[in-house]
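Put together the whole structure using the sequences plus the hints.
Taken in sequence, the protein lines are chains A and B. So for the first sequence, the numbering used here puts the first residue at 1; every next one is plus one. So for the second sequence, the numbering used here puts the first residue at 1001; every next one is plus one.
Just to be clear, a hint being listed does not mean it is correct.
To be verified - Anything over 12 Å on all C-beta distances counts as not near chain B; from chain A, calculated:
1) L34
2) L157
3) T663
Stated by the list, open to error - Under 7 Å between C-beta atoms, here's a sample of chain B residues computed to sit facing chain A:
4) I1020
5) A1023
6) L1088
In short, the hints are calculated from the structure, not lab data. Yeah, the Cβ is synthetic: ideal placement off N, Cα and C, and Gly gets one too.
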Amino acid sequence: MEHRSSVYRGQAWLRRGALALLTFATTGWATAQLSTVLAGNHGLGTLEILLLALFVGCFLWIAFSFWAAIAGFVMLLVKARQPGLHQPPPGDARLASRTAVVMAIYNEDTNRVFANMQAIYESVAAAGQGHAFDFYMLSDTTNPDIWVAEELAWHALSARLGPGARVFYRRRRYNTAKKSGNIADFLKRWGRHYDYMVVLDADSLMEGRTLVAMARLMDANPGAGLVQAPPVCINRNTLFARMLQFAGRIYGPVFAAGQAFWQMGEGNYWGHNAIIRTRAFMEHCGLPELPGKPPFGGHIMSHDFVEAALLVRGGWSVWLVPELGGSYEEVPPTLLDYAKRDHRWCQGNLQHSRVMGARGLNPVSRFHFLTGIMSYVSSPLWLLFLGLGLTIASVNTLFPRAYFGVQKQLFPDWPIFDAALAKSLFMLALGFLLIPRLLGVLLVLLDRPVRQSSGGTARILFGSAIELVYSTLLAPAMMLFQSKFVAKTLMGSTIGWGTQNRDDGGIPWPVAFKAHIGHMLLGVFVGLLALAIDPNLFLWLSPLVAGLVLAVPIAQFSSRRDFGAWLRKRRLFLIPEETAAPPVLTRAREIFADLEARPRGEPDGLRRVLSDPFANAVHKLALAATEEPAPDETAELFVARRKLANGQPLSPVEKALLLYDRTTLDARPIPAAA
Amino acid sequence: MKELVRRLGRLAPSGAAGDIDAAAGRWFADLLGRPESEAARALAAGRVAWLMAQAGRRWPLTLLSDTPPLAVTEALRRGLPALPPPLLGDPMPAAELERRRLPSFAARPLRARTA
Chain A
1 MEHRSSVYRG
11 QAWLRRGALA
21 LLTFATTGWA
31 TAQLSTVLAG
41 NHGLGTLEIL
51 LLALFVGCFL
61 WIAFSFWAAI
71 AGFVMLLVKA
81 RQPGLHQPPP
91 GDARLASRTA
101 VVMAIYNEDT
111 NRVFANMQAI
121 YESVAAAGQG
131 HAFDFYMLSD
141 TTNPDIWVAE
151 ELAWHALSAR
161 LGPGARVFYR
171 RRRYNTAKKS
181 GNIADFLKRW
191 GRHYDYMVVL
201 DADSLMEGRT
211 LVAMARLMDA
221 NPGAGLVQAP
231 PVCINRNTLF
241 ARMLQFAGRI
251 YGPVFAAGQA
261 FWQMGEGNYW
271 GHNAIIRTRA
281 FMEHCGLPEL
291 PGKPPFGGHI
301 MSHDFVEAAL
311 LVRGGWSVWL
321 VPELGGSYEE
331 VPPTLLDYAK
341 RDHRWCQGNL
351 QHSRVMGARG
361 LNPVSRFHFL
371 TGIMSYVSSP
381 LWLLFLGLGL
391 TIASVNTLFP
401 RAYFGVQKQL
411 FPDWPIFDAA
421 LAKSLFMLAL
431 GFLLIPRLLG
441 VLLVLLDRPV
451 RQSSGGTARI
461 LFGSAIELVY
471 STLLAPAMML
481 FQSKFVAKTL
491 MGSTIGWGTQ
501 NRDDGGIPWP
511 VAFKAHIGHM
521 LLGVFVGLLA
531 LAIDPNLFLW
541 LSPLVAGLVL
551 AVPIAQFSSR
561 RDFGAWLRKR
571 RLFLIPEETA
581 APPVLTRARE
591 IFADLEARPR
601 GEPDGLRRVL
611 SDPFANAVHK
621 LALAATEEPA
631 PDETAELFVA
641 RRKLANGQPL
651 SPVEKALLLY
661 DRTTLDARPI
671 PAAA
Chain B
1001 MKELVRRLGR
1011 LAPSGAAGDI
1021 DAAAGRWFAD
1031 LLGRPESEAA
1041 RALAAGRVAW
1051 LMAQAGRRWP
1061 LTLLSDTPPL
1071 AVTEALRRGL
1081 PALPPPLLGD
1091 PMPAAELERR
1101 RLPSFAARPL
1111 RARTA
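Written out as structure tokens, the structure is:
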């Protein structure tokens, strides 16, 4: 059944058609120019044709991003809103719909996630619509010590918020299908109690007014299945993360508005900081296990794209609404943490190749899958492009062209190289990469409050220039990382599900060295090869060579918190959220500091539950609240009980088993030897 | 203690652990204004609220009494954490992600003839 409005769909295809036309036209023109440059006076050989094919594959994405960013810039300049997405009537009417705010957690820092949840809860209450929202901590935590800490933190939070605070805690016994399974489990248990759910990550923060605005948008658009509020990256201190935050804040809006421009009601889901119509999601977004083994088979890792595609297939619209504001997340603190996350995302996106051909999907959804895949596959394509370019240059040096043919001729066959054309092509590619950034800077400079809270004109320009140099130097190492991830995934290697590092910690030199030694050696090799072929070629490749050769110090220095703090003191790479922290962030920090100052108690979760009557009672309440049955009388349970009785060390799995076992939980006090 | 044993004997004559839990659950459900069908959850929640309110120390003879003082009821309800709504156990059918079938141009295999 079609729930989407037909109002915007004609315009959406018009916009997409215009973008496609501009993309193909500029790629065609650039390819023709490169073909002329490569052909010279001797025509195109096999290597040159291969190079052209790779160029087309890479340039298409650059051109598309460029034109989408231009569209985004215009949309932001004229402050255009999405046609087809009805704005709710103004006013503070009492919300009649019910929304569950769900935070999926997995072995996280307990104080941090509960501080975030409390800050969001209070912010919603302050917005005057607390009655319309319930809050769920959905734990997939496997560490039994953290599990018990979460239960006690949940109870402490309920006590702090006062009687009637609707904050609930549920821990899943088996974390099947990871985060998507966690959300699906919530929906099966309680989904029908709510009209909407807002999905949060462990590092998500959202202002209450934003959550209310999202619920109102859903109320005003009964055909909307999902509204995504693009999160702003905040709260980090390392140089790497602060530069990412700065780039996201300066250039991000242009790209987000560009995406919203062409996606319209067939948008995408970013996995968190989005409001979802529960009925639509439950009907259409149950994810099957893909046949075969991981990384391409098994549970769907990057579930968000697939869920958005299924919602659209089910007739619901999916909107990206950049102007919502009040939506925040954190970025990985260091380059290596970033690369680790990229590995997981790479695997997830490549797995989408199994899904993008599914029956009945909207072409725009298929394009989202392709975009995700290309965001990783483009790295090995660029690598091949560079490798092939170097090969062609080497071949031409090793086997110089004969100036005089076999037949006697008066004039030599001078090799023709159209330097002016090559230069104009280079300038075009550079322009496509730089202009969206410049437009982002321009928008910030035109917005007085944002400009002032980002350090002022001079610092924004200086910061942008440094960030440009930094990201240019970073790009070759990222290209190699991503090429490796693509190759590993294609060869069947999988990456596990780890907890993301959310602390500002530096990378030790040996770790940086180990991670980048290959990059450095490749940089030295490419540099020497280019020098041997032609010093001019070396100059052309110098940013790439420098990025690779300097990969170790770049990774190490950028991971340092003191550099980030030093630059922050000098108001460099400043974002408005650092100048004046959003209320929800300020409150989350206050609560976190308060929680950290409190005594921690017994760290061993099982011991605590068995020795502390209050912890025991809270644990049993958490089990009873979600009606968790006792485990079967298995051999594993028997062994775990015996080990506990004999004071033998228990594995985390055994501890978790005992934490479900009524016999153990009722047999207090704990045996002295345990 | 004797009084508690007497009350338990009246509420759960068998003395079995399950029966005692059920009786205590009913008592807490009544005290906390919950339906008797939620006795198990009420017992778990009531136990937490009881400990939070330090009711054992403040009102030592109240547990399982027929007429608990109003102050106990109020203190327990104040310390009661909210419990999630009832479980629904709804299905969430797995979406069909079969690829689109490409038209088959291959000739149909010949069926082997058997005598």
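For each hint, the structure was consulted:
Every Cβ of chain B is farther than 12 Å from the Cβ of L34 (chain A); the closest lies at roughly 34 Å, confirming the non-interface assignment. At roughly 9 Å, the least C-beta separation between L157 (chain A) and chain B is not larger than 12 Å, which violates its mark as non-interface. Once the 12 Å rule is applied to beta carbons, T663 (chain A) is inconsistent with being away from chain B; the minimum gap is 10 Å. Violation of the interface hint for I1020 (chain B) is found here, the shortest Cβ-Cβ separation to chain A being roughly 11 Å, above the 7 Å cut-off.
Interface restraint check: A1023 (chain B) against chain A, minimum CB-CB distance 16 Å, threshold 7 Å, status violated. For L1088 (chain B), the interface hint holds, the least distance from its beta-carbon to any beta-carbon of chain A being 5 Å, beneath 7 Å.
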